Amino acid sequence: MQFKFDTSEKFHAIQIKEPVLSANMTEDLDACLMPFLKQEVKNVVLNLQDIQNIDNAAGEHLVKIQQHYYEHNASFVICCMQKQVEKALDDAELLELLNIAPTESEAWDILHMEEIERELGDSI
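According to UniProt numbering, the stretch in the sequence shown is residues 1 to 124, in order.
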């Protein structure tokens with residue numbers, strides 16, 4: 001499985017460079033995404049612009065990864081999703097469980113707002 005990485009001050013942008021995301025790729029996805037939780041910058045934007053097809057098991061795994069990130073006070077936002085992938089996730093009733101933004105810029109906005117929420121929550 002091929003990935004493209006771009007790291008900024010507040011998040012890691014990761015683009016999956018494959019046309020299909022399927023159940024047999026979930027181990028590679030974990031190997032790529034889970035180590036970020038141990039770094040100082042934990043937040044991840046996952047760019048799915050190259051993904052043309054996703055199966056239900058891979059979609060369910062994305063939900064689990066997202067939940068794991070939030071359990072560790074980190075943000076996980078998916079962006080640039082193709083319409084057919086969005087439809088597949090919606091048909092599997094997974095779309096509403098995921099934190100999705102249309103563009104990477106909007107994903108960054110979500111991450112920024114969640115950082116502010118965490119900071120405010122810590123100060124109360």
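Keep in mind that the hints were calculated from the coordinates and are not lab data. Remember, predicted model here, so these are calculated numbers, not experimental data. For every residue, glycine included, the Cβ atom is placed at its ideal position computed from N, Cα and C. Incorrect hints may have been included.
As the list claims (entries may be wrong) - Derived DSSO-like pairs (lysine-lysine); straight-line CA-CA distance at most 30 Å: (1) Lys17 <-> Lys83; (2) Lys10 <-> Lys42; (3) Lys64 <-> Lys83; (4) Lys4 <-> Lys83; (5) Lys64 <-> Lys38; (6) Lys64 <-> Lys42; (7) Lys10 <-> Lys83; (8) Lys38 <-> Lys17; (9) Lys10 <-> Lys38.
Unchecked claim - With beta-carbon atoms standing in for the labels, derived distance ranges: (10) Asn24 <-> Gln82: 18 to 28 Å; (11) Glu106 <-> Lys4: 32 to 42 Å; (12) Glu9 <-> Glu93: 29 to 39 Å.
Outcome of the hint check:
no. : hint                        : verdict
1   : Lys17 <-> Lys83             : holds (17 Å)
2   : Lys10 <-> Lys42             : holds (8 Å)
3   : Lys64 <-> Lys83             : holds (22 Å)
4   : Lys4 <-> Lys83              : holds (21 Å)
5   : Lys64 <-> Lys38             : holds (17 Å)
6   : Lys64 <-> Lys42             : holds (16 Å)
7   : Lys10 <-> Lys83             : holds (28 Å)
8   : Lys38 <-> Lys17             : holds (24 Å)
9   : Lys10 <-> Lys38             : holds (14 Å)
10  : Asn24 <-> Gln82: 18 to 28 Å : holds (20 Å)
11  : Glu106 <-> Lys4: 32 to 42 Å : violated (19 Å)
12  : Glu9 <-> Glu93: 29 to 39 Å  : holds (36 Å)
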